[in-house]
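K.L.:
Each chain, letter by letter, is given below.
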Amino acid sequence: MAKNETTMEKQLTRMDFASDQVVKWCPGCGDYSILAQVQKVFPTLGIPKENYVVISGIGCSSRFPYYMDTYGFHGIHGRAAAIATGVKLANPELSVWIVTGDGDSMSIGGNHFIHLLRRNVDVNILLFNNRIYGLTKGQYSPTSPLGKVTKSTPMGSLDHPFNPPALALGADASFVARTIDKEPKHMQEIIKRSHKHHGTSFLEIYQNCLIFNDGEFDRYTDKDKKADNVLTLEHGKPMIFGKNKDKGIHLAGNNPRVVSIGAEGQWSVDDLLVHDEHDWIIASILSHFTYREDLPTPIGVLYAKAQSVYEELLDDQCHQAVKLYGKGDLQKLMSEGDTWVVK
Amino acid sequence: MAKNETTMEKQLTRMDFASDQVVKWCPGCGDYSILAQVQKVFPTLGIPKENYVVISGIGCSSRFPYYMDTYGFHGIHGRAAAIATGVKLANPELSVWIVTGDGDSMSIGGNHFIHLLRRNVDVNILLFNNRIYGLTKGQYSPTSPLGKVTKSTPMGSLDHPFNPPALALGADASFVARTIDKEPKHMQEIIKRSHKHHGTSFLEIYQNCLIFNDGEFDRYTDKDKKADNVLTLEHGKPMIFGKNKDKGIHLAGNNPRVVSIGAEGQWSVDDLLVHDEHDWIIASILSHFTYREDLPTPIGVLYAKAQSVYEELLDDQCHQAVKLYGKGDLQKLMSEGDTWVVK
Amino acid sequence: MPKTLKHIDDVTIRFAGDSGDGMQLTGDRFTSATAIIGNDLSTLPDYPAEIRAPAGSLAGVSAFQLHFSSQEIFSPGDNPDVLVAMNPAALKVHLKELTRGGIIIVNTASFTAKNLKLAQYETNPLDDKSLRDYVVYPVDMSRLVAHACEDMGITTKTVERTKNMFALGVLYWMYNRPMDTTIKWLKQKFAKKPEIVEANTRALQAGFNYGSTNRIFTTNYKVDAAKLNPGTYRNISGNQATALGLVAASVRANLPLFYGSYPITPASDILHHLAGFRNFKVKTFQAEDEIAGITSAIGAAFAGSLAATGTSGPGVALKTEAMGLAVMTELPLVIVNVQRGGPATGLPTKTEQADLFQALYGRNGEAPIPVISARSPGDCFAAAFEAAQVALKYMTPVMVLTDGYVGNGSEPWIIPNVADLPEIKPNFFQGDEDEAFLPYKRNPDTLARDWVAPGTPGREHRIGGLEKEDGSGNVNYDPENHHKMVTLRDEKIKRVVEDIRPCRIIGEQEGDLLILTWGSTRGAARAALQKLLKEGKSVGHMHLRWLNPLPQDLGGILDKFEKILIPEINLGQLAQIIRARYLKEPHQLNLVRGRPFLTREIMDKVNELTG
Amino acid sequence: MPKTLKHIDDVTIRFAGDSGDGMQLTGDRFTSATAIIGNDLSTLPDYPAEIRAPAGSLAGVSAFQLHFSSQEIFSPGDNPDVLVAMNPAALKVHLKELTRGGIIIVNTASFTAKNLKLAQYETNPLDDKSLRDYVVYPVDMSRLVAHACEDMGITTKTVERTKNMFALGVLYWMYNRPMDTTIKWLKQKFAKKPEIVEANTRALQAGFNYGSTNRIFTTNYKVDAAKLNPGTYRNISGNQATALGLVAASVRANLPLFYGSYPITPASDILHHLAGFRNFKVKTFQAEDEIAGITSAIGAAFAGSLAATGTSGPGVALKTEAMGLAVMTELPLVIVNVQRGGPATGLPTKTEQADLFQALYGRNGEAPIPVISARSPGDCFAAAFEAAQVALKYMTPVMVLTDGYVGNGSEPWIIPNVADLPEIKPNFFQGDEDEAFLPYKRNPDTLARDWVAPGTPGREHRIGGLEKEDGSGNVNYDPENHHKMVTLRDEKIKRVVEDIRPCRIIGEQEGDLLILTWGSTRGAARAALQKLLKEGKSVGHMHLRWLNPLPQDLGGILDKFEKILIPEINLGQLAQIIRARYLKEPHQLNLVRGRPFLTREIMDKVNELTG
Ligand SMILES: Cc1ncc(C[n+]2csc(CCOP(=O)(O)OP(=O)(O)O)c2C)c(N)n1
Ligand SMILES: Cc1ncc(C[n+]2csc(CCOP(=O)(O)OP(=O)(O)O)c2C)c(N)n1
Ligand code: SF4
Ligand code: SF4
Ligand SMILES: [Mg+2]
Ligand SMILES: [Mg+2]
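Heads up: the protein sequence lines correspond to chains A, B, C and D, in order. Those letters in the first sequence? Residues 1 to 343, by my numbering. Those letters in the second sequence? Residues 1001 to 1343, by my numbering. Those letters in the third sequence? Residues 2001 to 2611, by my numbering. Those letters in the fourth sequence? Residues 3001 to 3611, by my numbering.
Okay, chain A solo, but in the shape it has when bound:
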């Protein structure tokens, strides 16, 4: 490819985003699907290829940047959010994507994660949530359900898991969404939405680790179960799901529950909760569906709000300062305060 000119002119394709490195995930790992969808979506976003930067921590998922033919940074465990913040603040032109695991972002990296969200730097988080530590061979993670038996918890884990969307909302996230490795079309759509969001987008992706946690998401991916267990959110639409589109979410007081609609007649579409992406309370209620067996898992955009963006405010201050004090003059700066001359 010709160097030193942007790639805008050229129509990019999926192959433009595949690096020459052999992909080394276990055959059948959910990570493959996510890689494929990202490689499909990137060429469509109208961003010059050289402006993409993919940044990760450590974990199976965090090998992701090596497989993308973009600028990439495979960081250290838990710090992708902080590295990405530095990249974006230094050059707001770049399209920055964070790829992280449930251990990487919720365990060791939990603090950077919540701080990134509150700062609302305009970067995109893709959390590959397999509810296990893959790369270190199968310890429980902060998203593993209570009682999980793993190598490090032979009698079962003792801690209540984090609920990623709830944690994100608590940290003042401006965009919270979820998708599933086995829903490629949906994933593509939501990756596009993540990109479009102005501010930090947080996308949780349920990802099957077939070596250490196979089947964790079967309820949401098995052909015959998923329709009854997955609620696909659409802004402004009532919350309907089920193989026959005959179930919905009704709010009794503050308690969401599943009701049957249609034929049996007791409940109608009008009784259902209507999704409003901009309503923090609805998003909070939806976030609480996680880990509940009696409720479907919501996928799609749970929450989106407009909020000022860190690096833009920072650039504003720089412009403001130039207006106020003039463009930085090093000689003047060094000579500030009381000076005297020795001859």
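Because the hints were derived from the structure by calculation, they are not lab data. Owing to the predicted nature of the structure, the values given are computational and were not obtained by experimental measurement. A portion of the hints provided could be inaccurate.
[Claimed, not checked] Straight line, CA to CA, 27 Å or less: simulated DSS-like cross-link-like pairs of lysine-lysine:
hint : chain 1 : residue 1 : chain 2 : residue 2
1    : C       : Lys2157   : C       : Lys2193
2    : A       : Lys196    : A       : Lys305
3    : A       : Lys137    : C       : Lys2563
4    : D       : Lys3494   : C       : Lys2584
5    : A       : Lys323    : D       : Lys3184
6    : B       : Lys1332   : B       : Lys1225
7    : B       : Lys1225   : B       : Lys1185
8    : D       : Lys3157   : A       : Lys323
9    : D       : Lys3157   : B       : Lys1137
10   : D       : Lys3157   : B       : Lys1182
11   : D       : Lys3494   : A       : Lys343
12   : C       : Lys2563   : D       : Lys3534
13   : C       : Lys2531   : C       : Lys2605
14   : D       : Lys3227   : D       : Lys3534
15   : D       : Lys3096   : C       : Lys2484
16   : A       : Lys327    : D       : Lys3281
17   : D       : Lys3494   : C       : Lys2484
18   : C       : Lys2006   : C       : Lys2534
Since chain A is already given, all that's left is putting chains B, C and D with the ligands on it; use the hints.
P.N.:
The following block gives chains B, C and D with the ligands in isolation, referenced to the frame of chain A:
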């Protein structure tokens, strides 16, 4: 005092909890009041004095343990929650109190904070929130409002602050409460409630730093303003406040707003939101009052739920294991697997 | 055809195959069977950083090397005598290290065009002449196991998975190992899947039978039991031994054990083992990160537990601030570093010795701590135990350095008698009821401060990271007090030297050259020494367990040799310490390749130096 | 009564009072006025770790020492000639260091029974004979300022707050300093509170007048301008200079500056200064912790900025893992450590030199980085600038060591001409359009890899913490490649020696004893040297700016002296490095008291050794 016998028999007093160290906070600092209330409450809890442990990080607030004549640990910056976890897991008999600042617990210590909450170790967090870094002389903190001008942000801070109760709820906290340094009676009551809660209790205390952030909470403490700006929560009671008890919180859809009740007649007590400590959604709505000028700040117990406690589950496993495999026998353990004898 | 049975002394086998081929497990089973026979042995697992790289790829090759002998041995062996290669990639990666004339056993079924290409073979090495210098046994294992399990009605995939057991069977025949422990193990491991037990047992048996009946195998071997020290033995890996050492110390100190840790390769197994000891009241805590791992342990130490934390280099980096806190608060704490290739993420599954400086100097301020290193898998037990002893006696954090090779490797280990393990007396406050308790009053001999756990009436006190007043432990900013405390903390660690056994030189007690080692390099050095002595060289070997403090008599010993050689898997960290301490110029051998030294490499260097 | 005007060469003044008395500010103002007169000067602020300990308590005393002279000076002075004590506690704490016969100026109003008790005085030292060896000026400053502001109608509290200005006025009279810059400063600082300006100005004037008219003051002094190198001067603190050095490097490298940091004493001021330079497009980022501070900076370096992070020892501890990442990814990065008393939280507001080992060795794996130290407040500019030069030329993280004394202390500084500052050429990829870009291809001279920032078309590449293949930078686990890369990274840092100025000995070029220093200890050593030379001693002084690599010719220089003395505010860290490198045995002077050496202490040690 006689050694090696518990102090249970003796009636403890406030003075029993004052150490011989000179208190070195700035005269007028809000920390003094918190120290006084804690020293008043501790003797009343029916806990032997030697079972109290006060653990802190680094900051003005974190000097607290030195002034308490209990076991105490002045840790390193941000790590009080993790140190306390170790103390409590090692000896669940102890009554463990974490004293921390908004920088200590929300900035560098954010990760330990959220993990402690989700684990629900039965310890008590007292967060002295002065919305500033005191000890390092006045940089903005993660709870300082957007645009805050401080030493490190001469043109104003750029990040949306954390909302401590919202963050705690997002991290699956089982007890969330708030009080104010200048409300000693209320503080005492809520400290007692914190103690009673089974699991991690999180108590945010608004604390005035008169040197670097004087007046941050004037709205809630000034004699003539506070009644109109503070909402004292009581479980099962409608949310009423105001000098004349003529204001209340009404929920329009999911939007809380202040309405006048009584005389003018448009709104009555029945239109008001009734506080339910056990309702996560109400707690979430209340948490969003923070930083809002149009709503009062709620104090009292925002949320409390029953949830299994980490160190108890851990002890259970130990007992379970003894039942299953017998009391640990080192010789047997070392001899596990295939062995052979060389003569 | 009649088969010959040969007696031999010493064999090194390497099992190599795809990450999914179960090579680590196969090696483990062979090791077990070999241990029971009473051979001395040493193992070296070697697996990729990826969980399961693409099947058939060079990156996905996983290997396990085992050295066993009728003599005492010290290392997993330089070059294998036998290479079991389950696919072309395994052959490609490992052939270059096979002894000339060595045996190659391959699964021919995997030598497909696709796999050959993945292994970057232009032509099939089984067909061209490239293996002519070796004894090649091509076996269609896939077909043979299919045959063995024919009538079981299980999936082809399940059958195919048993081919490692077939290979194991062949080797059991070849080296006269018993199969019963393996069969017993299969029964236990797959208790709930009898068809798996059956299939694997059949495959194992089939392999054994194939060896004994098939024409192509003409010879098998007998390696007699080694004349080891008398005792009851088991095979043990380093991480297992570390876990047991900590439990043993907790039992002998009569203190509950708390282990706060965050998973990291190659240290996670310590956590896994300890998590299984709940009936010892061992409390393991998988923390949110390494900082919480160590600070929770510091909390537990304050609360009166024997506290430990374990990790690898990058994790230690995160713990260094808290290690300073443990130094200042003078709490007992054991910190284990299973070293791996660095810097940064480096080579996460490979071994290295490059964290010695970090252990000694990687903290802000003057924060000395004792450092002990484990020389072999079994020695991890003693190292962990001793570290706990010193921590509890001197009230100090102690660093235990092991490494990936020692942690994952294994060797026969004499099971100690619990009663023979020294009793540990923690430095609890001994004063009587009315004696005032001063948290920083010191034992005049050890300089250890007294320990009192919360819950003890009348001894309430506060500790923390700010400088302490001598005696009272109150916060103190006085210049002279600071100097005194800095000096006291330093002196305390120097006194640990009292607990360190005097140096013991193996081989010549004085002469041309002393090989000086620490940690896992001891194995290759001892093996080299043996050979060098046989060659008549005037060489001794001195091994350091404690790196801080150094043994009192080390200086004198260094003087007894013309030259000193320090082989290290780093760029010369111990060498620098020896230079600084004794103003002597050691020779260095530094090969930083993520794997242990070969015996030959050390011999070559010695020969070069002693000309 | 007529007053005498005496010419003197050299004065050391110490202002001491309660934390709330504004002593730091008073010292700063005196320093400014003194700088403008053209004296050489050196300052030493000394404040408690608490923001404002109880009024009148010993713990709450805050002090500021200033040494000024008509000669070139190097240190803030050993013992003050003048002590301004605003309360009994200040007198109690600082009296012992006052020169015998020195001047004491006290605010008598504060010598109340309560304050005397707080200061643990049994009797009032102003009344008993305990101060008979000093020249005491008891002044009721509180009453005098009340008088001066009588008619202003402002609160007593506000008036009382001006008493530091009164004391300043007295000293301005006593040492003939102009008041106008102080008045100008007051006007600026309190622009929005004219009554504060007025009150303070009146107090200042009142003090000055009191000195000139009151009988008790009989003499005042003139200290002539020093014969400093020609140039335009300003007074500068170390942290200010570090900030300016980074900005200057960014301007001369034509790169935007990114500074990621988390506040910590005594380093926060660097962040505060840089945060004010938004018009230079300086982006400061107050991170959530030190880890985010450095990793955000690493991100910014990747993105093409001149990236820096600053902290103190405990913060460096948290950065060590990420420093390894910067080593592995070979990105330019400046890391500043304003050292403070350790270990752990230690003495947060005091100075120390005990983080040298941490700088050199405090990382997992072989992770060498260049380390430079600043010798004085003004030198922080050059140290930061040079660090950035080296970082950008060699593509490496570089550590800058300053300390609390240098960071907070100040001295006159020649303002450089921007045009005279060297231009910095970052090691950006220079290949032409069609040349393949290999991220780990190296410049054959410097071994630096090429830098390409995201946003550059056609040069997409990935970096990270796993071991890299030489050239391509792809992840690589090959043993030989690892050894090669470990060696290359080491060699690259060794080559930085090319950029290090040869050693320069001050004083005797060979002889009995060489004083070898690094960092801020240089000041006391140079002062000692001057006096020792005058005494006719055969002594030289060699100061090290770079600690890694060490200058090429250092070995030869050490050979020229009989003895070597290394004074350090630690237990002998540089000494150990010198021992290891040159197999030489230096003498050590180690006083770890949270404050700089006194000139006398070094002289005494030299005299003892050359006796
Ligand atoms: C400082 C540090 N601590 C620990 C590790 C070990 N480690 C690597 S990946 C990982 C967790 C991986 O889990 P997750 O983030 O969920 O990713 P996954 O492998 O499941 O995709 C851990 C603990 C490390 N590399 N660095
Ligand atoms: C590792 C580390 N980083 C930074 C610091 C410096 N530091 C001490 S306290 C503090 C913040 C204090 O703020 P907060 O927690 O709000 O407590 P406050 O003083 O306001 O009570 C900081 C940044 C430190 N001591 N250790
Ligand atoms: S271990 Fe699990 S997460 Fe990792 S690559 Fe394999 S399947 Fe994927
Ligand atoms: S600085 Fe602020 S928080 Fe700290 S002691 Fe003073 S008033 Fe209290
Ligand atoms: Mg995971
Ligand atoms: Mg605060």
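K.L.:
It remains to establish, for every hint, whether it holds in the given structure.
P.N.:
Here is how each hint holds up against the structure:
1. Lys2157(C) <-> Lys2193(C): holds (15 Å)
2. Lys196(A) <-> Lys305(A): Holds - the C-alpha atoms of Lys305(A) and Lys196(A) are around 12 Å apart, at most 27 Å.
3. Lys137(A) <-> Lys2563(C): violated (45 Å)
4. Lys3494(D) <-> Lys2584(C): Roughly 22 Å between the alpha carbons, so the hint for Lys3494(D) and Lys2584(C) holds.
5. Lys323(A) <-> Lys3184(D): holds (26 Å)
6. Lys1332(B) <-> Lys1225(B): violated (70 Å)
7. Lys1225(B) <-> Lys1185(B): Holds, at about 19 Å.
8. Lys3157(D) <-> Lys323(A): violated (40 Å)
9. Lys3157(D) <-> Lys1137(B): holds (22 Å)
10. Lys3157(D) <-> Lys1182(B): holds (24 Å)
11. Lys3494(D) <-> Lys343(A): violated (41 Å)
12. Lys2563(C) <-> Lys3534(D): Between Lys2563(C) and Lys3534(D) the Cα gap is close to 47 Å, so the pair fails against 27 Å, i.e. violated.
13. Lys2531(C) <-> Lys2605(C): Answer holds: Lys2531(C) to Lys2605(C) is near 13 Å, not above 27 Å.
14. Lys3227(D) <-> Lys3534(D): holds (19 Å)
15. Lys3096(D) <-> Lys2484(C): Holds. Lys3096(D) to Lys2484(C) sits at ~20 Å (cutoff 27 Å).
16. Lys327(A) <-> Lys3281(D): holds (9 Å)
17. Lys3494(D) <-> Lys2484(C): Between Lys3494(D) and Lys2484(C) the Cα gap is close to 37 Å, so the pair fails against 27 Å, i.e. violated.
18. Lys2006(C) <-> Lys2534(C): holds (24 Å)
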